[in-house]
Structure formats: structure tokens, C-alpha cells
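Visitor: Now for the letters of each chain:
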Amino acid sequence: MSLREDRFFDPDPEQKRMAMSLFASIEKLPIISPHGHVDPTLFSEADYHFEDPVSLLIKPDHYLIRMLISQGLTYDEILFGKDPRQTWRLFCDHFYLFRATPSGIWLRHSLETVFKVTERLTLETSDRVYDQIQSVLRSPDFTPRKLFSEFNIEVLATTDGATDKLTHHQKIRDSGWKGRVIPTFRPDELTNLLAPGWRQKIDLLGEICGIEVSSFSNFIRAIEARREFFRSMGATATDSGVFSMKALRLSESEAEGIFRHALNGTVSPNEAEAFTAHMLMESARMSVEDGMVMQVHPGVYRNHNPEVFDRYGADRGFDIPVRAEFTNNLQPLLKAYGNSPKFKLLLFTLDETTYTRELAPLAGAYPSVKLGPPWWFNDSLNGMRRYFDQVVETAGIYNLSGFNDDTRAFLSIPARHDVWRRAAANWLANQVLRGLIEEDEGYQMARELAYDLAKKAYNLS
Amino acid sequence: MSLREDRFFDPDPEQKRMAMSLFASIEKLPIISPHGHVDPTLFSEADYHFEDPVSLLIKPDHYLIRMLISQGLTYDEILFGKDPRQTWRLFCDHFYLFRATPSGIWLRHSLETVFKVTERLTLETSDRVYDQIQSVLRSPDFTPRKLFSEFNIEVLATTDGATDKLTHHQKIRDSGWKGRVIPTFRPDELTNLLAPGWRQKIDLLGEICGIEVSSFSNFIRAIEARREFFRSMGATATDSGVFSMKALRLSESEAEGIFRHALNGTVSPNEAEAFTAHMLMESARMSVEDGMVMQVHPGVYRNHNPEVFDRYGADRGFDIPVRAEFTNNLQPLLKAYGNSPKFKLLLFTLDETTYTRELAPLAGAYPSVKLGPPWWFNDSLNGMRRYFDQVVETAGIYNLSGFNDDTRAFLSIPARHDVWRRAAANWLANQVLRGLIEEDEGYQMARELAYDLAKKAYNLS
Amino acid sequence: MSLREDRFFDPDPEQKRMAMSLFASIEKLPIISPHGHVDPTLFSEADYHFEDPVSLLIKPDHYLIRMLISQGLTYDEILFGKDPRQTWRLFCDHFYLFRATPSGIWLRHSLETVFKVTERLTLETSDRVYDQIQSVLRSPDFTPRKLFSEFNIEVLATTDGATDKLTHHQKIRDSGWKGRVIPTFRPDELTNLLAPGWRQKIDLLGEICGIEVSSFSNFIRAIEARREFFRSMGATATDSGVFSMKALRLSESEAEGIFRHALNGTVSPNEAEAFTAHMLMESARMSVEDGMVMQVHPGVYRNHNPEVFDRYGADRGFDIPVRAEFTNNLQPLLKAYGNSPKFKLLLFTLDETTYTRELAPLAGAYPSVKLGPPWWFNDSLNGMRRYFDQVVETAGIYNLSGFNDDTRAFLSIPARHDVWRRAAANWLANQVLRGLIEEDEGYQMARELAYDLAKKAYNLS
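Taken in sequence, the protein lines are chains A, B and C. The first sequence begins at 4 in the numbering used here and counts up by one. The second sequence begins at 4 in the numbering used here and counts up by one. The third sequence begins at 4 in the numbering used here and counts up by one.
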């Protein structure tokens with residue numbers, strides 16, 4: 004089952020030849036990973052070691068877990084099995100479920116490139132593979148830092164709550180290690196007035212900033228202070244996950260009123276929605292002022308399965324997309340800030356209908372708007388093909404922001420970039436062969452899609 | 004114009020070779036037809052004979068009729084022409100309209116495989132072909148039961164109103180014939196309070212069940228009794244067609260109140276909508292209890308052309324899809340029953356935007372949710388390609404329910420399964436050639452898509 | 004960089020051979036251009052000459068401008084640069100932005116076929132190319148009329164406001180020149196009560212028609228008079244751009260009331276919306292009566308960027324699509340007029356989700372409904388592929404209306420038809436090779452898609 008050199012390329016021989024040549028030219032470029040969820044603690048200690056195959060590869064990966072659940076396995080079996088070898092067996096016995104899925108592709112890539120496992124995962128091979136992985140994990144120099152350098156990662160951005168003290172980022176800096184791991188400012192815990200634990204986060208915010216957050220204006224001052232701190236720690240971007248893309252400015256007194264209600268615990272869902280819309284306007288304003296790249300990804304019904312959420316918490320595979328709307332919802336924000344030369348707004352979507360209809364036209368006109376790569380469920384070979392097919396004709400590639408892996412699973416980073424680079428090479432090969440671009444343009448665009456555009460979009464010079 | 008061995012496969016030689024090999028391995032598997040609209044009277048008499056080409060092939064097929072209407076022909080010409088030979092001529096003269104459509108493909112397949120007609124349908128060939136079909140129809144052993152066995156149908160499910168007495172299904176059973184024809188429970192005529200003739204159906208329901216349906220609780224008891232009767236006749240599934248996917252539980256008193264209004268003829272559209280939403284919850288509850296597979300297909304504006312409906316009735320080609328929404332609408336139902344190991348919910352859509360955005364994520368997480376095959380307008384080569392491309396990466400193939408032909412046209416059943424099996428083989432060949440799956444996995448998945456998954460999804464052991 | 008003979012065709016050798024053969028059979032067919040925005044003044048004077056490359060190729064093309072703006076160039080640089088050679092340099096320096104876009108394809112086609120420019124546009128080649136274009140522009144026989152005949156245009160329809168006196172169309176007729184340039188009746192300036200300058204347009208309407216437009220009934224009479232005048236000038240079609248597809252008849256008194264409010268300047272947004280919906284019904288009624296083809300294209304948020312609109316006016320690249328809905332919105336109109344054999348309704352969309360879900364089912368059933376070609380952002384190779392893939396299976400090709408270029412850029416007309424004909428040939432080649440149609444059908448359908456269907460859809464005999 005070992006990985007084929009020509010994997011993922013279309014079968015036509017001429018097309019495949021061209022794709023392989025384009026891919027060869029970008030295969031070894033450094034990885035820019037400007038948006039993701041890897042835990043920085045992996046890098047704060049020089050000798051961090053992973054425990055076992057299950058806690059490394061399965062437990063943190065809600066892509067894998069949800070598929071097992073969908074076929075009748077239980078969270079208890081997967082998350083709380085006493086013997087990891089036993090859980091690994093269960094997983095291998097069900098690995099056929101991942102046929103023709105990106106999760107299957109990524110895992111096979113990690114197993115082969117990191118652990119030299121080329122056998123197919125089945126109940127029969129389960130124990131042998133477990134031992135093989137385990138023996139690698141135990142080798143003294145198998146550390147995240149070592150992998151960071153083997154993976155050829157130039158920069159890795161984590162995603163961090165607005166009240167995170169970035170202790171581990173500080174440790175990384177202090178350690179003298181040369182790996183570039185930077186934080187990203189994510190204020191959702193503060194801007195979503197109905198988020199569980201909001202009140203405590205506000206208190207924590209006040210404490211950290213030395214500002215009494217008793218009014219909306221102080222809240223804004225505190226947020227600005229946190230952004231400044233994040234920047235001082237290397238952050239170049241912010242990240243907001245919202246249900247709706249609606250952006251709408253409130254009057255100062257309205258904002259103060261709602262914020263007071265939130266402090267009193269009397270805020271209504273409508274007020275909370277209006278507040279989030281207002282905070283999108285404020286985030287844009289701050290980005291215009293401080294130059295942080297503003298990322299927004301709307302359109303997910305989080306924790307759709309309350310039974311699972313109540314027992315096992317968030318990020319368990321039950322976040323389900325809904326329709327997204329950008330044209331109307333973003334108009335007030337773009338009216339106010341969209342023409343600002345300093346502003347950069349990166350948009351993500353799980354609603355692919357917005358590619359040709361809204362996002363490519365917006366990115367192909369507003370100087371501030373750039374398109375994020377195919378995201379989450381669409382971070383896949385077909386998702387990428389649809390993305391290239393649907394956005395480039397209107398937006399060109401220079402209004403895109405390259406790739407980001409958006410992963411919690413550190414080991415899957417090279418696999419995900421491998422898929423993107425192959426998908427890009429395959430798409431470009433087709434453009435060359437059909438006479439849409441010249442061959443030299445293909446090579447240049449391949450490099451841009453694999454490396455330059457991400458670096459530029461996130462101001463990572 | 005005879006059918007090519009390599010039809011529908013992509014032209015790349017290597018891809019075609021692989022697709023043909025995969026197809027060869029599943030071509031002759033028995034047909035599982037777990038959802039359709041074939042009239043059971045075809046099988047209740049051993050010597051049933053079809054009348055003529057027009058009443059066999061054209062009149063029951065609203066796919067064909069709507070296209071002729073769209074180009075200016077009239078229902079009167081098509082449905083009420085005095086001389087079937089004359090109507091057949093008209094049809095053949097317009098057969099070019101079906102170029103590159105599934106209707107054209109299916110008809111050509113039936114004509115060649117059943118009637119040995121390989122000529123193209125034109126005005127010039129019309130009479131000759133008519134005679135050729137007619138001579139086959141008149142041969143003594145050309146009966147639906149004979150075709151059932153020639154088509155290699157393992158099981159055929161019909162769709163039957165909740166108040167249908169299943170007389171013909173009983174006759175089939177009593178006849179000693181071995182063909183497996185089973186009913187499917189469709190309660191729309193009762194759960195849609197505004198359906199024409201609702202009051203009479205309620206009376207009929209009461210009569211059949213020996214229950215006075217004077218209250219909502221009695222209504223529920225009667226429905227449960229009907230489900231039990233259908234199960235005793237071999238049914239394994241229910242089927243609901245709803246405008247919106249909204250599922251929402253009413254209080255008992257609300258449900259009783261609305262039901263009383265319906266009995267009094269004073270029910271409002273809003274009440275009827277709420278009632279349908281409540282009945283989706285109730286259907287799910289019953290399925291959890293009695294193990295019947297619950298099928299739902301929302302999102303069609305039925306009888307969009309009132310002039311046609313008033314003169315020619317339903318199912319005349321003027322049912323037009325609308326947007327569908329599953330994530331929000333289904334949440335209450337899935338919250339209540341979605342984690343139940345005994346529950347199986349099969350979802351169909353005509354709104355393909357829901358594939359990547361809602362349906363694949365739902366099916367790829369909830370143990371109860373399975374995806375129906377590409378449906379109706381999307382039961383086509385391109386519809387299947389889009390389906391494979393858009394759902395498998397997120398849901399895998401093991402959360403799909405194989406294929407069903409959903410047809411009224413008995414003769415088109417093998418043609419439709421032929422298209423599906425070829426589309427699946429072509430898609431799998433591409434997966435193999437691009438290194439996404441191994442060759443042996445391709446063969447296994449081909450069999451699963453063609454046969455096993457449908458059987459399993461509908462509990463047809 | 005010269006144009007390849009086999010451009011845009013899929014790379015598989017057999018497919019390419021078939022596509023090239025199909026394309027060769029239609030390449031030289033006359034161009035039917037039944038919907039566009041070319042300025043008729045180009046043809047009213049026999050010796051019209053274009054000024055310079057910038058005012059010919061860049062300034063009128065909002066597709067080009069928006070992309071430059073999206074990458075930080077300014078309207079002032081592009082539109083008001085003092086020295087066209089300087090602006091041309093700026094453009095060439097940024098021409099890489101158009102890689103893999105239709106704009107890039109069209110421009111390369113025009114440059115090579117009209118000006119014999121085969122060099123790539125870069126800062127380095129900029130001056131040389133400028134001179135080469137300029138020298139062609141200055142040659143005495145380089146006139147629009149000459150190009151019209153070289154382009155082999157059989158008929159060219161312009162789009163003209165309802166109050167346009169068609170002076171230039173009259174001049175063309177009077178000149179004795181044989182080119183067929185016809186107007187299209189576009190009443191949006193009158194039917195959108197909130198359009199800037201509506202009141203003045205109403206006065207102008209009254210003046211031109213000699214009818215005092217002081218009531219809705221007079222307004223309707225005046226519109227009918229204008230339609231009659233347009234028809235007398237060769238028009239066969241009308242064109243309406245609306246935000247929503249909603250069509251709904253008002254009572255006479257409602258319509259009169261709203262119209263009076265508009266005259267008084269007190270009309271509300273809701274009233275204006277209702278009026279537009281009513282005018283769609285009225286337009287349909289008039290079309291049934293006078294036989295003009297009714298075109299409607301909904302779903303664009305015009306002038307999304309108010310700063311740009313205020314400073315530089317409309318059509319600057321900031322029209323952004325929104326969701327469209329046809330099934331519900333059009334039902335009242337189709338109920339009233341959809342079965343009328345004299346009525347022809349051509350629908351366009353920027354929301355591709357409506358292709359399989361709404362438009363193909365509507366066009367595949369109603370005798371009056373035809374589908375416009377892929378429009379605006381979707382007038383591209385991928386847009387056409389998606390269109391063929393998504394509409395033909397349900398609607399067939401005979402409910403399509405061929406191609407229209409919809410362009411303001413006269414020189415891009417042959418380029419756009421070249422793309423369409425190649426896309427059609429490529430799609431048909433694939434249909435032939437996969438056994439969906441026979442080869443002779445492919446040739447016939449190629450001709451129909453390239454020429455016959457447009458002529459028939461627009462009643463251009």
C-alpha cells in the first residue's frame with residue numbers, strides 16, 4: 004500500500020507527466036502553516052514525547068472519530084478505552100471506512116513518511132503496526148521540534164484565545180530554539196456574549212490587562228491591548244468564527260447597553276447577535292489601524308448533537324455547516340473599510356455555493372478581500388478541484404491566500420500540504436495542456452500557490 | 004445505434020480498461036430495488052400483459068411527457084391520442100429532444116435489451132419499431148413476472164398509501180409466485196392535513212383499522228396499526244415526501260387541537276405545517292420502536308402548473324424543486340433520536356448544494372443518518388458523478404444506501420441500475436488510478452455500491 | 004504565446020481529435036449576437052475610428068478594471084491617466100493577474116486575431132505592443148463596420164433604455180450599410196421606481212410618446228408605445244434586470260396608488276419592490292400580446308461599493324451576485340402566461356445552484372421557458388462546462404437559447420464565441436466518446452448550439 008509517486012494526478016499520460024514535473028518543482032518548498040490548531044506545548048519543551056499511537060493519531064482527530072461514531076462505535080470505546088493497543092485494534096478493524104476520504108489519505112501519508120508503515124491497517128496488521136509506531140515514538144530523538152525541522156516548516160501559527168497568556172509561546176522564545184511558532188488572536192470567547200463562561204473570561208481579560216472591564220469602551224481598550232500583546236509575540240493575524248457573516252455597526256450607546264446586559268447576565272439572543280455583528284466592524288477597524296490580517300469563517304452549527312456535547316465536550320465531530328451569505332452581510336463592513344489599502348480580510352466558507360456567486364466576485368474587486376483555501380470538509384482533493392474551478396476564473400490566483408492546513412493533528416501537516424501541492428500541480432498541468440497558461444507561468448503559479456501567496460497573505464515576511 | 008460495451012466510461016484508455024473490469028465484476032449482480040413506484044398489479048396476475056408501446060413506455064413516464072410539453076406538444080396529443088401508433092409516431096419524431104438526457108439513455112436501453120430494437124427512433128423508423136415492440140408484447144410469455152426474473156430482481160419495493168389495503172401484494176403472496184415484491188409505508192395523504200381528500204382518507208383509515216379516528220391519539224394508534232400491517236406484508240421502510248424538512252415536536256394538546264381543526268375543516272396552513280413537522284418527529288419515534296427505515300425527501304413544489312394539474316392531475320412533469328435545509332430543520336429530530344442505534348434515517352435531496360454542506364457532514368457523524376442516492380432529476384450520469392465527488396470524501400461510502408431506481412416505469416429498472424453501476428465503476432476506476440484506493444478495494448466497493456449497501460440500508464436480509 | 008489550434012480541449016488524444024473535428028465544423032459559422040451592450044454609435048458613422056489601445060481595450064471593460072483594483076491599483080490611474088501609453092504600461096505590468104481567467108483569454112484572442120500581437124503582455128513588451136496596436140487603429144480601413152464584417156456577425160443586438168430615441172440605430176438604417184444591428188428594449192429605468200433620475204425619465208417618456216404619464220394606465224400605454232417603436236426598429240426582445248425574480252400582480256388601484264406615490268416622490272422601498280414584481284407580470288402580458296422575447300436576469304447587488312459608485316459611477320466592477328430563487332417567485336407569472344404558445348421567457352442566473360434545482364426543471368417542462376447561456380461571471384470555460392453538465396440532462400439542449408456574449412467590448416465578441424464553440428465542441432466530443440450521442444448527432448448539436456438555437460430563441464429569422 005505504499006504511496007505512489009504519481010498519486011492524485013489525472014490518468015491521462017501527458018497530463019500526468021506535466022503534473023509530476025510541476026509538483027517536483029514545489030514538493031520540497033518549506034511549509035508555511037499560517038492557520039491551525041497545533042498545541043504549542045509540543046514545542047515549549049525540547050524533549051516532548053508523544054505517548055502512544057492512539058493519543059497521538061486518533062484522540063485529537065475529530066475527523067476520524069466522527070466517522071467511527073457514524074458507524075456505530077462509541078466515544079467511550081474510542082476516547083476512554085483502557086488499553087490503547089485495544090483501541091488501536093478497533094480503529095484498524097474499521098479503517099476501511101476511510102476509503103476514498105482525505106482522512107484516510109492523511110493517515111496513510113503520516114504512517115508511511117513518519118513511521119515507515121506501508122501495510123494496510125486491518126485487524127490482522129493492527130498489533131504489528133502498533134509496535135512499529137510505538138518503537139518510533141520511544142526513540143529519544145523523536146520530538147516535535149525534530150519533526151518540525153524534518154517537515155521543513157518555516158512558520159507555524161497556532162490559534163489562541165484572546166485571554167491566553169501565551170506562556171508556551173513565551174517558553175519557546177526563551178528556549179533559544181529556532182523554530183518559528185507564532186500565535187493567532189481569536190477573540191470569539193469574548194465577542195460571543197452567550198459563550199459558556201463568558202463572564203469569567205471577561206474577568207480574566209480585565210485581570211490580564213489591568214483594566215476594569217466594566218464598560219464597552221473599556222472592553223474595546225482591553226481587546227486592543229491584547230492584540231498589541233499578541234503582535235509583540237509574533238502574531239500577524241486574528242481569527243473569528245461566527246455563525247452569520249452579518250457585520251453592522253451599533254451606536255456607542257447601543258453597544259454599551261448590550262454590554263451592560265451581558266455583564267448583568269440579562270443579554271438576549273438578538274442582542275448577542277447584534278453585538279457579534281458590531282464586533283466584526285470593530286475588528287475590521289482595529290485591523291485597519293494595527294495591520295493584523297482579519298480572518299473570518301462563518302456558517303457552522305456548532306455542537307449539533309447536544310448529548311455528545313454534554314458528555315464529551317466540543318470538537319467531537321458534530322459541527323455541521325449551514326448556508327452562508329457574504330454579499331449583503333459584509334456590505335456595511337466593506338463600505339467602511341473595504342477600500343482601505345492597509346486592510347486585509349481573509350474569508351473562509353463551508354458553503355461552496357458562495358464561491359462563484361459571492362466570494363470570487365468580492366475578492367476579484369475589493370482590494371482588501373482575499374479568499375482562504377478550501378476549508379475543513381472541503382480540504383480534500385475534490386474540494387480543491389472545485390475551488391480552483393470555481394474561484395480562479397473570477398478572482399485570479401492573486402486574490403487567494405495559498406493554503407493552510409487548519410489542523411490539530413501535527414503529524415498531518417505535511418500530508419495536507421502534499422495534497423494541496425499535488426492538487427495545484429494537477430490543476431495547473433491541465434491549464435497548461437489546454438493552452439490557458441504557458442508552461443513557465445505554470446511553474447511560477449505552482450510556487451505561488453504552494454508558498455508565496457500564503458506568506459504574503461499573512462504578512463509573514 | 005446499438006449499446007456500446009464501454010458506454011459512459013471516461014475516454015482515457017487506462018481508465019476505461021479499469022472501469023470495464025470493475026463493471027464486469029458487478030454487471031450481473033441481482034437488482035435490489037428498495038424504493039420505487041411500480042404498480043404491484045403487474046405481478047398479482049400470472050398472465051398480465053402490456054397493451055401497446057405508448058401505454059407501456061410513454062404514458063406512465065412523466066420524464067418523457069414533460070420534455071415533449073416543453074417543446075410545444077400537448078397533453079391531449081400524448082395522453083388521449085386515439086391511435087397509439089399515431090402517438091408513437093409523434094413521439095419518435097421528437098425523440099431527438101432526449102439527446103444527452105437520462106430519459107433517452109433509459110429508453111434506448113429498454114428498447115434494445117427487451118425488444119431488440121437497435122434503430123434510432125425517428126418518424127421514418129417509427130412504424131417499424133412499433134410493430135417490433137408490439138410483436139414482443141403479444142408473445143404469450145412476455146409477462147411482468149417473466150421480466151422480473153430476467154431482470155434478475157432480488158427484491159422490489161413499491162410505494163403505497165397508508166390506507167392502501169395491499170390487496171395486490173396479498174394476491175402476489177397467495178399466488179405462490181416466488182418474486183419478492185414488498186410494500187413501503189407512505190403516510191403523506193394522512194400527515195399532510197391540506198392534502199385533497201384528507202377527510203375521506205381519515206374515515207378510510209378508521210374503517211380499515213377499526214379505530215374511530217376522532218382524536219390525535221387515536222390517529223397515532225391507527226398509524227401504528229397500519230405500520231404493523233405493512234410490516235406483516237414484508238415492508239421494511241416508510242417514505243415521506245415533505246415540502247420542508249422541518250421537524251418539531253408539538254405538545255400533546257397542541258397536536259390534538261390542530262387535529263381537531265383538521266377534522267372540522269378549519270385548519271390553517273401554519274397549523275398544517277406544524278403538524279407535518281410534528282409527524283416527522285412521531286415517525287422517527289415509531290421507527291425507533293418498530294425498526295422501520297425512515298425515508299424522507301423534501302424540497303419539491305408539487306403541481307407548479309395549476310392548469311395542468313386541474314386538467315390532467317398530479318405527476319405530469321410539473322413538480323419543481325426548491326431549496327432544502329437539513330442542518331437546522333432536522334436538529335430537533337436528531338437530538339431526540341439521532342443517536343439511537345436502532346434508528347435509520349435515509350435522506351434524499353434535489354438541492355445538491357446540501358451534499359457537501361449538510362448531508363455528508365450529517366451522515367458522516369450521526370449513526371442514524373444515511374444518504375439516499377442521487378434522486379429524480381439527479382438520477383443521471385452527471386448527477387451520480389457530482390454525488391460521488393461531493394459526498395464520499397466526508398461521509399465515506401459506508402454511510403450511503405447504494406442505489407434505488409425510484410421509477411414507475413418497470414422496464415427502465417435494469418437501465419437505471421446499469422447507469423448507476425457504470426457510474427460507480429467509472430468513479431472507482433479513477434480512484435484506483437489516482438492511488439486513492441487499492442485495486443482490490445475498488446472491486447469490493449463496486450459490489451457494495453451495486454448491491455450490499457442497498458440491502459443493508461433497507462434491512463433486506 | 005500564439006493561440007494554439009487545440010486550445011481549451013481536454014488532453015485525452017481521442018477526445019481532442021473528436022473535439023477539434025466538431026469545432027472545425029462550426030468555427031466559421033456566422034455570429035449571432037442577440038444580447039449585448041456594444042455602443043451603436045460605432046456603426047452609425049462609416050468611418051468611425053478607435054482612439055488608442057487604452058480607451059478601446061481597457062476603459063470600457065469592467066472585468067479588467069475590477070481585477071486591477073482588487074490588487075491595489077486605483078481608478079484614477081486607470082481611467083484618468085494623462086498618457087494612454089503610460090496607462091498601457093501599467094496594465095501590461097499587471098497582466099499576469101489575468102492568468103487562467105476568461106478576461107485574459109479574450110484579450111489575447113483579440114490581440115492576436117485583430118492586431119497580430121503574439122507577444123505576452125509585460126512591462127518589457129508594453130511599448131512595442133502599444134505601437135503595434137496603434138498602427139492598426141490608425142489604418143484608414145480599420146473601422147467597426149469593417150470588423151463587423153470580418154467578424155462575420157450576422158446580427159448584433161444592442162441594449163437600449165426604454166426612452167432611448169434609437170437615433171444611432173436610425174442612422175445605421177438610413178446609411179444603407181447592410182450590417183444588421185438591432186435594439187433591445189430595456190425598461191429598468193422606468194420600472195424601478197427608485198432608480199436615480201426616475202422622474203426625469205418619466206417626463207422624457209411622456210414627451211417622446213406624446214402621452215401625459217400622469218397615471219399608471221398611461222404609463223402602461225406609453226410603455227406599449229415604446230415597445231412598438233422598438234419593434235419597428237428591428238427589436239425582437241426585451242431585457243429586464245431585477246434584484247429579485249418575484250413576479251406578482253397588483254390590483255389596478257394598488258398599481259395606480261404606488262405609481263402616484265412615485266410621481267409624488269413618496270414611494271417606499273416595499274412599494275417599489277411590489278411595483279417591479281407587478282411590472283414583470285405586465286411585461287409578460289405584453290410579450291404574450293406583441294411576441295417580444297422576454298429576458299430576465301435577477302440576483303445582482305449593484306454598486307456594492309458606494310465610494311466607487313459615488314466617484315466613478317456604475318459598471319465599475321462592483322456588482323456582486325446574491326442568491327436567486329425562481330420556483331416560488333416565478334410561479335404566479337408562469338401560472339398566468341407560462342403555457343401560452345406565443346410566450347418566450349429567457350432566464351439568466353448568476354446563482355449556479357439554480358441550474359439543476361430550478362431552471363432546468365422549469366425549462367424542461369414549461370413551453371415558454373428557455374434558459375439563457377452561462378452569464379457574466381460564468382461566461383467562461385468552467386462556467387460553460389458546469390452549465391452543460393448541469394442543465395442538459397434535465398432540459399435537453401432544445402430548451403437552451405444558444406450563446407450570447409453580453410459584452411460592451413466589441414472586439415471581444417469573436418473571442419467569446421470562440422470560447423463557447425470550443426466548450427460546446429469539447430462537451431459534445433465527450434458525449435460522443437462515452438456513447439451518449441452518436442457522432443452525426445454531435446455535429447448537428449454543435450451547429451445548433453453555435454448558431455441555430457440563438458437565432459430561434461430570439462425570433463431572428
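Think of the hints as simulated: they come from the structure by calculation, not from any bench. Some clues are possibly wrong.
Copies of the same chain look alike in the list, so a pair counts if it fits in one copy or across any two.
Unchecked claim - The list that follows gives simulated cross-link-like pairs (lysine to any residue, SDA-like), each with its CA atoms no further than 25 Å apart: (1) Lys249 with Val139; (2) Lys338 with Glu127; (3) Lys174 with Gly237; (4) Lys249 with Asn332; (5) Lys458 with Ile440; (6) Lys85 with Ser5; (7) Lys338 with Ile81; (8) Lys338 with Arg388; (9) Lys149 with Glu227; (10) Lys181 with Gln203.
Visitor: Checking an output row: Lys458 and Ile440, CA cutoff 25 Å. Within, between, both or neither?
Guide: Within one copy only: 24 Å inside, 33 Å across.
Visitor: From the Cα coordinates, with 25 Å as the cut-off, is the pair Lys338 and Ile81 best called within, between, both, or neither?
Guide: Close across copies (21 Å), not inside one copy (49 Å); limit 25 Å.
Visitor: Cα distance capped at 25 Å. Does Lys174 pair with Gly237 within a copy, between copies, both, or neither?
Guide: within (13 Å within a copy, 67 Å between copies)
Visitor: Is it within, between, both, or neither for Lys249 and Asn332, if the alpha carbons may be no more than 25 Å apart?
Guide: Classified as both; 4 Å inside a copy, 21 Å across copies.
Visitor: Are the CA atoms of Lys85 and Ser5 at most 25 Å apart within a copy, between copies, both, or neither?
Guide: neither (31 Å within a copy, 62 Å between copies)
Visitor: At most 25 Å between alpha carbons: which applies to Lys181 and Gln203, within, between, both or neither?
Guide: Classified as neither; 35 Å inside a copy, 70 Å across copies.
Visitor: Within, between, both or neither: how does the pair Lys338, Arg388 come out at a Cα-Cα threshold of 25 Å?
Guide: neither (32 Å within a copy, 34 Å between copies)
Visitor: Measure nothing new, just compare the shortest in-copy and cross-copy C-alpha distances for Lys249 and Val139 to 25 Å and report within, between, both or neither.
Guide: neither (48 Å within a copy, 51 Å between copies)
Visitor: Can you tell me if Lys338 and Glu127 fall within 25 Å by alpha carbon in one copy, between copies, both or neither?
Guide: Neither, since 61 Å and 37 Å both go past 25 Å.
Visitor: Give the relationship of Lys149 and Glu227 under a CA distance limit of 25 Å: within one copy only, between copies only, both, or neither.
Guide: neither (35 Å within a copy, 64 Å between copies)
The earlier numbered hints that this structure contradicts are 1, 2, 6, 8, 9, 10.
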